[in-house]
Amino acid sequence: MPSRKKTGMFSAAFLTCICSFVVICVALATPHWVSSKVHFSGTNSSITVSLTYGLFSGTCEQLVDAGLLVPEKIFQVAANLSNTKAKSTITAIIVIVVLSLLVSLLSSGFTCTNAVSNPYQTFLGPIGVYTWNSLCGIFILVAMILFPVNIEGNGLSIELAHGCFSGLQKHVKSEHAYGYSYWIMLLIIFLNIASIIIIYFYDHARYSKKKEQERPIENAPKDVILF
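As numbered in mature numbering (1 follows the signal peptide of the UniProt record, and there is no 0), residues -29 to -1, 1 to 198 make up the sequence shown, in order.
Hints should not be assumed to be uniformly reliable.
Cβ-Cβ distance ranges computed for the label pairs, FRET-style [unchecked claim]: (1) L95 to K44: 48 to 56 Å; (2) N89 to I45: 47 to 55 Å; (3) G138 to I168: 52 to 60 Å; (4) S28 to I168: 17 to 25 Å; (5) S105 to H10: 37 to 45 Å; (6) S12 to L158: 19 to 27 Å; (7) I155 to L73: 12 to 20 Å.
Here are the simulated lysine-lysine pairs, DSS-like style, with alpha carbons at most 30 Å apart [claimed, not checked]: (8) K56 to K144; (9) K8 to K56; (10) K44 to K58; (11) K58 to K144; (12) K141 to K44; (13) K8 to K144; (14) K44 to K56; (15) K8 to K(-25); (16) K(-25) to K58; (17) K58 to K8; (18) K141 to K58; (19) K141 to K56; (20) K144 to K44.
If you're looking for bench data, these hints aren't it; they were derived computationally from the structure. Here a beta-carbon is modelled for each residue, glycine too, at the ideal position from N, C-alpha and C.
Based on the provided sequences and hints, a complete structural model is requested.
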């Protein structure tokens, strides 16, 4: 059976891993990664398409000179993309976030296992927790970089605007504001860092105690050496 200290430390790490898993689910499920206003010039008026979307779906509406022309409607992100580069990038982001979800689940399993037992395999201990949490954090960071690159570099919002409404003419400018579904991914990274720090403190304390128990005999008291 693990010591009380080990159970407590790994239980705390398990809690942070579970929180990370839940937050990733929220980020995947909610369509509030970004809100965009895409402006187009028309023949006699300017048209603005407002979009709010996530990785899978979103909503859009069309306004002409600040007047509502087309009511809000729901769209599927992948179905509205004709640009291969933008579509490939959003698919890659989805795959990366799903991988981070699976890695977070693995990390939760590792911390739970260590909280209730003493695994014989080295990789099932702190090393495994370090590995899975690091991978999860890296995946999320890559997704956070790729998403704005897809918007700014591949014109994701412009492509979605054209997919939602036909007859749009020359693109003038776009404005983007990233939503809570995007920014909560920072929380995932912080939770992964917290898990690593908790296990590091446990591992460091265990190592220090082990070294203390393995002190060379010359550090022992003289009467013990004489004996």
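Going through the hints against the structure:
Checking the proposed 48 to 56 Å range against L95 and K44 shows it holds: the Cβ atoms sit about 50 Å from each other. Distance hint for N89 and I45: a CB-CB separation of about 51 Å, consistent with the stated range 47 to 55 Å. For G138 and I168, the hinted distance range of 52 to 60 Å is satisfied, since their beta carbons lie about 55 Å from each other. Checked against the hint of 17 to 25 Å, the pair S28 and I168 fails, with Cβ atoms roughly 36 Å apart.
Hint check: S105 to H10, Cβ distance near 42 Å, so the stated range 37 to 45 Å holds. Distance hint check: the CB atoms of S12 and L158 are about 40 Å apart, inconsistent with the given range 19 to 27 Å. Taken as a hint, the range 12 to 20 Å holds for the pair I155 and L73, whose Cβ atoms sit roughly 19 Å apart. For the suggested pair K56 and K144, the alpha carbons sit about 20 Å apart, so the restraint of at most 30 Å is met.
With a C-alpha separation of about 21 Å, the suggested pair K8 and K56 falls inside the 30 Å cut-off, and the hint holds. Our distance criterion of 30 Å between C-alpha atoms is met by K44 and K58, whose separation comes to about 21 Å. The straight-line distance between the Cα atoms of K58 and K144 is roughly 21 Å, inside the 30 Å bound, and the hint therefore holds. For the hint linking K141 to K44, the alpha-carbon distance of about 22 Å falls within 30 Å, and the restraint holds.
Between K8 and K144 the CA atoms are separated by roughly 8 Å; this keeps the pair inside 30 Å, and the hint holds. Between K44 and K56, the direct Cα distance comes to roughly 25 Å. Compliance with the 30 Å bound is thereby established for this hinted pair. Among the hinted pairs, K8 with K(-25) is inconsistent with the structure: their alpha-carbon atoms are about 53 Å apart, more than 30 Å. Distance hint between K(-25) and K58 is unfulfilled; the C-alpha atoms sit about 49 Å from each other, more than 30 Å.
Distance hint between K58 and K8 is fulfilled; the C-alpha atoms sit about 20 Å from each other, no more than 30 Å. A hinted pair counts as satisfied when its Cα atoms are at most 30 Å apart, and K141 with K58 qualifies at roughly 22 Å. Among the hinted pairs, K141 with K56 is consistent with the structure: their alpha-carbon atoms are about 21 Å apart, no more than 30 Å. Using a Cα cut-off of 30 Å, the hinted pair K144 and K44 holds, with the two alpha carbons roughly 22 Å apart.
The structure fails hints 4, 6, 15, 16 (numbered hints given earlier, in ascending order).
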